[in-house]
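K.L.:
Take a look at the letters that make up each chain.
There are 2 protein chains.
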Amino acid sequence: MSVGRVVKRVLIGRAERSDVGERALPKRIALPVFASDALSSVAYAADEIFLVLGLAGGSLALTQSLWVALAVAVVMAILVLAYRLNVVAYPSGGGDYEVVGTNLGPRAGLVVGSALLVDYVLTVAVSVSAGVQNASTAFGWLRGHEVMVAAAAILLLTLVNLRGLRESRRALALPTYLFIAAIAALVVTGAVRHFTGGLPAAESAALELVPADGYETVGMFAMGFLMLRAFSSGSAALTGIETISTGVPAFRSPKARNAAVTLSIMGALGIAMLLSVVVLARWTGVQLAENPATQLLRDGVPVGEAHIQETLLGQISRAVFSGFDAGVILVSIVTGLILLVAANSAFNGFPALASILARDGFLPRQLYTRGDRLAFSNAILALAVAAAVFVLAFDASVTRLIQLYIVGVFVSFALSQIAMVRHWNRELIASQDPTARAGIGRRRVVNAVGATVSVLVLIIVLVTKFTHGVFLAVLAMAGLYVVMWLVRRHYDRVSRELVVIDDDTSLTRLPSRVHAVVLISKLNKPAVRALAYARATRPTTLEAVTVSVDQEATAELVAEWDRRGFDTPLKTLASPYRDVTGPVVDYVTSLRSQNPRELVAVYVPEYVVGRWYQNLLHNQNAARLKRRLHFESGVMVCSVPWQLRSAKGQEVWLDQAPPVTGSVRGPR
Amino acid sequence: MSVGRVVKRVLIGRAERSDVGERALPKRIALPVFASDALSSVAYAADEIFLVLGLAGGSLALTQSLWVALAVAVVMAILVLAYRLNVVAYPSGGGDYEVVGTNLGPRAGLVVGSALLVDYVLTVAVSVSAGVQNASTAFGWLRGHEVMVAAAAILLLTLVNLRGLRESRRALALPTYLFIAAIAALVVTGAVRHFTGGLPAAESAALELVPADGYETVGMFAMGFLMLRAFSSGSAALTGIETISTGVPAFRSPKARNAAVTLSIMGALGIAMLLSVVVLARWTGVQLAENPATQLLRDGVPVGEAHIQETLLGQISRAVFSGFDAGVILVSIVTGLILLVAANSAFNGFPALASILARDGFLPRQLYTRGDRLAFSNAILALAVAAAVFVLAFDASVTRLIQLYIVGVFVSFALSQIAMVRHWNRELIASQDPTARAGIGRRRVVNAVGATVSVLVLIIVLVTKFTHGVFLAVLAMAGLYVVMWLVRRHYDRVSRELVVIDDDTSLTRLPSRVHAVVLISKLNKPAVRALAYARATRPTTLEAVTVSVDQEATAELVAEWDRRGFDTPLKTLASPYRDVTGPVVDYVTSLRSQNPRELVAVYVPEYVVGRWYQNLLHNQNAARLKRRLHFESGVMVCSVPWQLRSAKGQEVWLDQAPPVTGSVRGPR
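If you read the protein sequences in the order shown, they are chains A and B.
If you count the first sequence from 1, position 369 lands on 369 in our numbering, and the numbers rise without skipping.
If you count the second sequence from 1, position 175 lands on 175 in our numbering, and the numbers rise without skipping.
Hints are supplied without guarantee of correctness; some may be wrong.
Chain copies aren't distinguished; within one or between two, either way the pair holds.
Unchecked claim - Computed cross-link-like contacts, EDC-like style, restricted to lysine to aspartate or glutamate with a CA-CA straight-line distance of at most 20 Å:
#1 525 x 203
#2 626 x 606
#3 626 x 290
#4 648 x 586
#5 525 x 208
Note that these hints are calculated values from the structure, not bench results.
Bear in mind the structure is a predicted one, so any value in this text is a computation, not a measurement.
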């Protein structure tokens, strides 16, 4: 590796390396890096609570939303406390996948893996869609083009990540703090104006909200169900809690402790922001409707299709910052930005998880070596395509996408907390010291509560949303699970097939003779080099072979061969059908059947070109021949490359690996 | 090659092989094989004459169509006579491309190549579209779905040709004869009923045909222009004459003579059919309008969008076979069928021409070896995609597609006839015998007339249709020309770069030492075999190398290596970034810089799997590493394949080449 490359690598840094520890993240950077996903969800989770409660019409949303938000906040507090224990017990960065795999076995681990992969895809789809929605308060012209803009945003994220975000972590810290600051400013201004009596009502407060079709008469039971559904949708605010558990190795020492503290700060911020927004919405009287055209009435008349319903944050900021438009625009832009950053975090998490799954044989092995440009790129492209499909299929509608969301994360939460309980059970068995045992017991209670709550929420989500789309997410998870299991089974089978049996000498026995065959199509420099290299290996027999595809050209070749006086014999294989592969394979097969213990080494001159499209013009026959010869046992294929002038310096294209900005688990 | 494969090859036959001469085609089979394109054009050429003349409204089409058709017939007669000479002078099957390349130089040859490639694409698009149109007389439900049905037909042809049509030539002879028989039956029945006074008028005869928008007042000059345009469109009947000149080697001996006779028969049949159809149209009073909805009036009122305008053949057969519906349906089906066969002929001609262009370095060399499944498939897919694009872009409308058609064929006709004149000029110079000179002079006159007529028609086509779409076809040809010229330039440059200089000993000098590096990732059977093969080549230095991506796994590997007591040292390369390629390349580069005259041979164990998708799970790192190592000079890469059980017998997928049903030029 060149010095320059080493320097670049060190500068860009992979957090899991202890010898580049000085680049480990302080808490003030780690918080925004890992919290963008969790905090940004405030921007849509509150909206979704209001939209679901609004289905019943009237003031249900305004009166009940705070209770729903409180329930979400309580769950968040419990999960944050529980995950503090995960972080300390499993600080290696393997996250829920490792915790579950270790304690509940590989199948359960794979369930978590499938669930999280699907959830990364939905994080991108939901965040980007919500980002576009929020940004359109500032940029009204985005409206009506949401799908296209969201797709463009995904494309942008893909390109940026394919190219590699340099020093991105620190740069990405800014939007998170801006968002926190914006919400803080909103809350403080709102509170001051509210208590001084100067806070105006939101525009939509003047409208009448009527029930949606089918919700005209809602009984007690249905009302309860609606509140559970609102809770389900609001639980979107809970996603991202697990992110820090995959990022512990990126923290400064003491890593686990710092990560736990950051987790708590994140939880406190998340709870505070969610509740504040809901309170502000209540003070300003915001009304949100799933079908604003028909559900919202002005003076008893539906507002119609022309009515523009802004997001909760948009409406609140318009009221709070009335007379200060710059504030409204700032909140809108900053919210759009943090949602983009949240989507970007999935672009780091997805390849990282794919790498771990590949390490365990559940995905193609190449995805493991993340130092590789192509492997990394493949995971990024897979994520981008999947997210784009969801955005297109659901018209970039947050409300529709949110129905599929969360289930994956809660499958992961639930299994991970159950796994932690088991972890403590084992620790209890192993430990004899009563003080330690008491501590372990207390921790087990926390995780048990976490497990109970997670399972409860998961059930609520599945029940209240199943017909609204969750089954699609479950289907996707099941599909991924099956595919990954089949991949693993394939690797296991191959591995068993290839085990070396100790007393089997057939493998180590050397071939009795080596028959070298140099393929010649023209007598040019690559051919002469191939001949020299083949001779350098001192084979038992050495011969040059050409396939006569064109009689004239072959006659010329033979004449020149004789003229130059090569001492290697040139054999001509007839090919009446102008096929190169067949005659060579037939010839090699005949050599093998004459001397079964002989090794046939086929030397193929190859051109190395500078541009990828030039490969279409070269080596195609050679590539096909090599592929075909691989099916013959006792045959080895040696490529002798010839670097054309145009190839000089072009290897950089193969060398460039994008820096890895997300957290990656270190080698075990 | 196995006996079975040889037998299969011989049975399927490549006509250019003299030792399978007994499979050469008798004239009665050769005629339908090579004439389907030319004869099938009767099914749309006559329509187009009527449509263009009909633009002026009234009875212009009925009074003037015969003159236009006669002009087309005269041109056809001249071209058939001229091409008889081409066939005899250049019987090798290279067609116009060879005639022009030989006599007017490679640039002119390339113009013909580009023109014919474009025309093959349009042959497919036009024939399939016309086939759907004609078939909808029998199958009315096709109407309104023309684009989809045409696309499906292209897909069908693609699949059939990718798979390989077995014994197709003889099978494809049937539709051509059926079509000739159907037209003959139509003409005889029509003539008998006409002269006995029992031939009813066509349905559309009762309608009034008014001029199209913009053609209300047409002066003498405009009328002449319209007739020239009708002639241009009618010239579509002339395409396909050149086909036989590419198929001479497929005929029975005396090949050239038989081909010439077949050409004459084809010309006579084509002329007779075209004129008969026009006469029948006149007798039955068929009216055709480009915009039937507005141009056709019933009792003074436009017939409107609901009116269905059938093809000329459809309307004629309804009149001639009135009271005998089976006859109408038969004509419709047989016409659809021969047009499908005509489209199929392009699926043979296009790869054949691509193969010749590849031989001359204008297309990727792999397209030359047509004995290869993949090369053949690539050409077929390119043709299918291009044709589908045209069908989709022009709504499968024959009238719109025909505007682009013919120009390519007439570029080819014109250049080929000029080339023939030059050919005779050379012959005249070479010959002294006065009798022979007189014969040559006579032939030169024929080709000169052919050249004059072709150039005239080409000018007429360009002038009358330029604004109607011909420029698109010209653009496509120019684009192809440029690309193919660049490909040739690239090959030439590379070839110059690679010329072996006689007194340059740097190439033939053997490397002083061979350093063999065996890459090991796991200690399994493939690794042990790679080690044995590397040792069999008796290198100066032999070492095994592993990249430590996972410290635990590497420690295990080293321990097992020691336990088994291999006498080859195992070197571990550190890879903190879990990248396999970088450390190996760096290591190899360091070996090279220590001993620049040493050859480094890298042995890579590879897995051979049975299914293509399993390749996604294996060898990806190996493939990338090999690609990267090719950029290092003095490094040779040897693949040691290990055939997994699942690979057994799967090489057949690489062996299968589709039989070649079209005419291919033999090796020079």
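K.L.:
Does each hint hold? Answer for all of them.
P.N.:
Here is what the structure says about each hint:
1. 525 x 203: neither (80 Å within a copy, 74 Å between copies)
2. 626 x 606: both (11 Å within a copy, 12 Å between copies)
3. 626 x 290: neither (61 Å within a copy, 57 Å between copies)
4. 648 x 586: This pair counts as between: shortest inter-copy Cα distance 17 Å, intra-copy 37 Å.
5. 525 x 208: neither (85 Å within a copy, 76 Å between copies)
In this structure, the earlier hints numbered 1, 3, 5 are contradicted, and the remaining ones agree with it.
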